[in-house]
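K.L.:
Sequence:
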Amino acid sequence: RAALQAFAEASDIPTVAAFRYQDQFDNHLPVYAGEAGVGMPPHVKRLIAEADVILAVNLRFGEMTTDGYTLLQVPTPQQTLIHVHPSDAELGKIYRPALGLQAGPNAFGGALRPVRGAWAGWREKARADYLASLELGPLPSPVDMGVCTAHLRKVLPGDAIVTNGAGNFAVWPNKFLQFGANARLLAPQSGAMGYGVPAAIAAKVAHPGRLVVCFAGDGDFQMTSQELATAAQAGAGPVILILNNGTYGTIRMHQEREYPARVSGTGMVNPDFVALAKAYGFHAERVETTEAFPAAFARACASATGAVLDLAISAEALTPRASLSAIRAAAQGKA
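Mind the numbering: the sequence shown is residues 1 to 335 in my numbering, read in order.
Worth double-checking, as some hints may not be accurate.
Claimed, not checked - Below, simulated DSS-like cross-link-like pairs (lysine-lysine); rule was C-alpha separation at most 30 Å, straight line:
1) LYS125 <-> LYS154
2) LYS154 <-> LYS175
3) LYS125 <-> LYS45
4) LYS45 <-> LYS334
5) LYS93 <-> LYS175
6) LYS278 <-> LYS154
7) LYS175 <-> LYS125
8) LYS334 <-> LYS175
9) LYS154 <-> LYS45
10) LYS175 <-> LYS45
11) LYS45 <-> LYS93
To be clear, the hints were calculated from the coordinates, so they are not data collected in a lab.
None of these values were measured; they are calculated from a predicted model.
Based on the provided sequences and hints, a complete structural model is requested.
P.N.:
In structure tokens, the structure reads:
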């Protein structure tokens, strides 16, 4: 990591993390420009699509990192592709590189030497676009996650461990938090719902002195909510944020895109998450407003038992930049 970061800084090259690998590169460095994954920001798409040369290190190319295989031409990209991976099976599997190198990231990073070019302005623009992507207008929800994640960017310690499962809610830790040199992200690349809770418990067992924060949707949380018993038995106390919008958000989003206003099987009747968490011995609160979040999060972090915060999220705030109504209207306009 250190060698790759030093190369990028010395060469002044904009750097993008692969899907859910953004903790592997210090997000605070001026060369960091964002993450290539689900919900890829437009500026990251442009960086990849318009690049002359792409150096892909330890990357398994797939749908997520290429915006559905639209950013690089299959099988031979227009960009000059240098692909470095420890397994020769990955080299040329999807894209034929101009140069394929079978090497691990540590050995390769140690062998790199800085390059020079007139791209400082390009890198500065990429960084500015990334920082701008962290900012959002007001969201149609009692608890506004744009405001909440902005608060978390300020208060999370540098060695925080963040976990999440799968669902639209996962955009918040993955696109709106920043990971420094010592922070870690534990998140599934396979779309596994329920991953975040057991991952958070395991992280807290392994690192009892570090703050562990789990992001979970209400449906996602209920895939593994019984593991709170494991946490209690192990004396592990992560902070779990349940983004409770009463729906399977990702499935609902696709329903509205393909079959607008024809809702089927995505609504949820949830238990009382506060009562459930307290039954396991956790500190628990229902957070009804954005303004209540900072104090509630501080109390959660101070709890010796671990904590669950049940956040009141509106299904209307289906994504950070497109409401449920807007997605439905756009789909109906195509019909």
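K.L.:
Under the criterion that the straight-line Cα-Cα distance not exceed 30 Å, is the pair LYS154, LYS175 satisfied?
P.N.:
Measuring from Cα to Cα gives roughly 15 Å; hence the hint holds.
K.L.:
With the threshold set at 30 Å, check whether the alpha-carbon distance from LYS175 to LYS125 stays at or below it.
P.N.:
Holds, because 18 Å separates the two Cα atoms, which is no more than 30 Å.
K.L.:
Just to be careful, I want the Cα atoms of LYS125 and LYS45 compared with a cutoff of 30 Å; is the pair within it?
P.N.:
Holds: LYS125 and LYS45 sit about 14 Å apart, inside 30 Å.
K.L.:
Quick one, are LYS175 and LYS45 close enough, alpha carbons at most 30 Å?
P.N.:
holds, 14 Å
K.L.:
Would you mind confirming whether the straight-line C-alpha gap from LYS125 to LYS154 stays at or under 30 Å?
P.N.:
Status holds; Cα separation ~24 Å.
K.L.:
For the pair supplied as a hint, LYS45 and LYS93, is the alpha-carbon distance within the 30 Å limit?
P.N.:
With a Cα-Cα distance of about 22 Å, the restraint between LYS45 and LYS93 holds, given a limit of 30 Å.
K.L.:
Holds or violated: are the alpha carbons of LYS278 and LYS154 at most 30 Å from each other?
P.N.:
It holds: about 28 Å lies between the C-alpha atoms, which stays within 30 Å.
K.L.:
Quickly compare the C-alpha distance for LYS334 and LYS175 to 30 Å and report which way the hint goes.
P.N.:
holds, 29 Å
K.L.:
Are the Cα atoms of LYS154 and LYS45 separated by 30 Å or less?
P.N.:
With Cα atoms ~27 Å apart, LYS154 and LYS45 stay inside 30 Å; holds.
K.L.:
Does LYS334 lie within 30 Å of LYS45 when you go C-alpha to C-alpha?
P.N.:
Distance of about 24 Å is within 30 Å: holds.
K.L.:
Within 30 Å, alpha carbon to alpha carbon, are LYS93 and LYS175?
P.N.:
holds, 28 Å
Checked against the numbered hints above, the structure violates none of them.
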